[in-house]
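Colleague: Below, each chain spelled out in residue letters.
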Amino acid sequence: MQDHYHAAPTGRNKPRSLHDLLYSKAIRTTFYQVLMAVAICALGLFLYNNVVDNLTRQNIATGFSFLGQVSNFEIGEKLIPYTPRSTYLNALMVGLVNTLVVSAAGIIIATVVGFMVGIARVSGNWMLERLALTYVEIVRNVPVILQAIFWIVVLRNLPPPKNAFVLGEFGFLTNRGLYFAAPASTPVHFWMWLALAFGIVACIIGTVAARRYREVTGRYVDMLLPGLALILGLPFLVWLVAGAPTEISYPVPKGFNYVGGVSISPEFTALLIGISMYASGFIAEIVRSGIQATPKGQVEAARAIALKPRFIMRYVILPQAMRVIVPPLTSQYVSLIKNSSIAVVVGYPDLVNIGNTMMNQTGQAVEAIAVMMIVYLGISLTASLVMNLFNRFVAIKER
Amino acid sequence: MASPSLANPAPFDPDARMPAVEWMKRNLFKNAFQSVLTIIVSFAIMSLAWLLFRWGVLDAVFVTNDPQVCREAAGACWAVIGVKHRPMLFGLYPYEEHWRLVLMIVVYLATVVISLWPRFWNLRILVPLWIASVTAITVLMFGGVFGLRYVPSNDWGGLPLTIILFTGTVLIGMPVAVLLALGRRSPLPFARGISVIFIECLRGVPLITILFVAVNVFPLFLPQGMEVNKLLRITVGIAIFFACYQAEVIRGGLQAVPRGQYEAAASINLSYWQTTRRIILPQAMRIALPSITNHIVAAMKNTSFVIIIGLFDILTATSAVMQDPLWRRYYIEAYLFIAFIYLFFGYALSRYARQVEKWINIGRI
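If you read the protein sequences in the order shown, they are chains A and B.
Heads up: the first sequence at position 45 corresponds to 44 in numbering that gives the first Met the number 0, and the numbers run straight through without jumps.
Heads up: the second sequence at position 294 corresponds to 293 in numbering that gives the first Met the number 0, and the numbers run straight through without jumps.
Treat the hints loosely; a few may be bogus.
[Unchecked claim] No more than 25 Å apart at the CA atoms, straight line, and that leaves these computed lysine-lysine pairs for PhoX-like:
# : chain 1 : residue 1 : chain 2 : residue 2
1 : A       : K295      : A       : K307
2 : A       : K307      : B       : K29
3 : B       : K24       : A       : K295
4 : A       : K295      : B       : K83
5 : A       : K161      : A       : K295
6 : B       : K29       : B       : K83
7 : A       : K77       : A       : K307
8 : B       : K357      : B       : K83
[What the hints assert, rightly or not] A short list of chain B residues far from chain A (calculated; beta carbon distances all over 12 Å):
#  : residue
9  : N30
10 : A43
11 : T208
12 : F220
13 : M225
14 : V296
15 : M299
16 : K300
17 : L325
By construction, these hints were calculated from the structure, which means they are not laboratory data.
C-beta atoms are modelled at their ideal positions from N, C-alpha and C, and glycine is treated no differently.
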């Protein structure tokens, strides 16, 4: 902030003598800044020389060429092809994908739980409010690492597959992982996902069209039900047309493990529960303050013009609450992504875990840590960019 | 924007002095839906409370040295805390020297309690007090003088280590945070640029990467033969991370100080530092206090990240203790105990901060 009293001297009082020069704001300001720049450059040069010196003495290679070397380690969970013969770069990609998967799942769960608990906090029911408050205080104040460690220990202490904890025939909880029944995979699923995406796009277009129509004609078209029908109905229609495949793949014991169904590893589950519960406490508080930030008069005014209750929620309370909620929610999402980096304590192979292994194998700490930092910085910046765009969308439009 | 929580008029509370039946009608049984909700929630709470009570109290074993007794009990085995509390709380520190750690915790808590008392809010008291207590704690922890056995900082652990990490973070981090916040609002474009880049870059990366830098990269930056203690490196790492978040909070406070305050200071010809120190910062810190507290509590939780780089804080020590095959079945009790310690200190901190808000807002509307 350029304060007026720091401003450079104007034409009326030009510096005349040496004394004036020494005490002129502009000269001093420039002098301090040059001094700072020189000090920082000198420090940087000093550190750089030390690093080069130390690395040559310890015979550590520099540069990123090691990323092309064979990694020689196995990764437990991978969603893209990888073998110990693959390169370090491949290993890092596996880790990045794992980080993104656990973060995405965590964001969804934390948002759903956080909104539910946040709404419970202002439900008007004393009992429910207290329960929600207790949940919030506990999950927010216990370190996320402790929570993740707690869940991994709980999951590792489940019985072995031989005498698994059985949930009917639909699921088995074992210390090797959680196994659930799932619809058997058919090519129909691909078309259903496609239909879902199509439905979402159609719904957005429909909503925009309805708003235009309202602005032009003044007639209101409720897009809530048609929108839901588009999003949920289209995949259902595809499923029906494809002959309604109902085959379900059950997990069956085989050897020391289970085959069929879907399996979730204990590491992934523990990390997911830990980071999403921790974040849900913060999100609940954000939602609560957002709802409470809507002035009472707004609701009363809406009632006074006989707006239907569901419209009051959708068009009066929610838009105003979202304005308060979105900015802190963004930073919660970003910090959830960053919290996923504790994966190493539960043994989930995320980016940091694999980067750590790579660092220990090659000794190239500077490069390995730089890769991790750049990736997270990129994720954080992208996330805040996207959310800023969304925020602009919900922000007050002054006309 | 002045935070509404700062304004502190005695609010009109319609619930005060309301008859119990009336209160229940309003808050529990307003309509059919609320009544059903109340009944379901109370039933859930009561059954959960009963299960917990049966597990944690009725069927629990409180004191024993024999894991077999716990094995036979259906409930919790709190005895594990009695048996293992010393390695859990004090880590790898030599067993017969544990009294020094107890003394250290006593000295620390006494110092903190005195500092939290508004009567002693005076730099002429607080600075000597902290210097004395930091010296005493250093002597107690390291030893090597007065006939105390020398214990290198690699052997420190448990609660004292958590306390040292947390206190170091706040003591180092707060001044850095203030400087960064001032830098970000500085009239010098260069200082502003450096602060913005520093704050945004460090806030964009996870704490773990900064700890990795402190442990693995920082030694490479030093000239040959020079070494900095690992614990100090890690504390400074956490402190700088903390400072970047805190700086943003303080900046919010700085921005909320009305422009007239700057103008008034300029009109009586105060210099930049006089204005900042005497006019702007006190107001900014008061405005930002609630968020500052949140980040201090967060700093306490963040000390647990050192488990990843193998420092024996209270959580690492507990995880290590729970490898004992005789007692490892009772991990839930042990982790609950640790969680309770974090909860207790976090709760105490936020309660105290709320009290401070009340004190400093006396006489304000």
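Colleague: Run every hint past the structure and note whether it holds.
Modeller: For each hint, the structure was consulted:
For the given pair, K295/A sits about 16 Å from K307/A by alpha-carbon distance, which is consistent with the 25 Å threshold. Of the supplied pair hints, the one linking K307/A and K29/B holds, its CA atoms being roughly 21 Å apart against a limit of 25 Å. Pair hint K24/B plus K295/A holds up; C-alpha atoms about 22 Å apart against a cutoff of 25 Å. Of the pairs offered as hints, the one joining K295/A and K83/B is violated, with about 54 Å between alpha carbons and a cut-off of 25 Å exceeded.
Between the alpha carbons of K161/A and K295/A the distance comes to roughly 59 Å, so the proposed pair goes past 25 Å and is violated. Between K29/B and K83/B, the direct Cα distance comes to roughly 50 Å. Violation of the 25 Å bound is thereby established for this hinted pair. For the hint linking K77/A to K307/A, the alpha-carbon distance of about 50 Å lies beyond 25 Å, and the restraint is violated. A distance of roughly 41 Å separates the Cα atoms of K357/B and K83/B; the hinted pair therefore is violated under the 25 Å criterion.
Taking the minimum C-beta to C-beta distance to chain A, about 10 Å, the non-interface status of N30/B is violated against the 12 Å cut. With a cut of 12 Å on Cβ distances, A43/B falls inside the contact zone with chain A, its closest approach being about 8 Å. Not every CB of chain A lies more than 12 Å from the CB of T208/B, the least distance being 5 Å, so the non-interface label is violated. At roughly 5 Å, the least C-beta separation between F220/B and chain A is not larger than 12 Å, which violates its mark as non-interface.
A cut-off of 12 Å between C-beta atoms contradicts the statement that M225/B is not in contact with chain A; the least separation is 9 Å. The claim that V296/B lies off the interface is violated: its Cβ sits roughly 7 Å from the closest Cβ of chain A, which falls inside the 12 Å cut-off. For M299/B, the shortest C-beta to C-beta distance to chain A comes to about 8 Å, within the 12 Å cut-off, and the non-interface label is violated. At roughly 4 Å from the closest C-beta of chain A, the C-beta of K300/B falls inside 12 Å, breaking its exclusion from the interface.
Under the 12 Å C-beta cut-off, the non-interface status given to L325/B relative to chain A holds; the minimum distance is some 15 Å.
Comparing the model with each numbered hint stated earlier shows that hints 4, 5, 6, 7, 8, 9, 10, 11, 12, 13, 14, 15, 16 do not hold.
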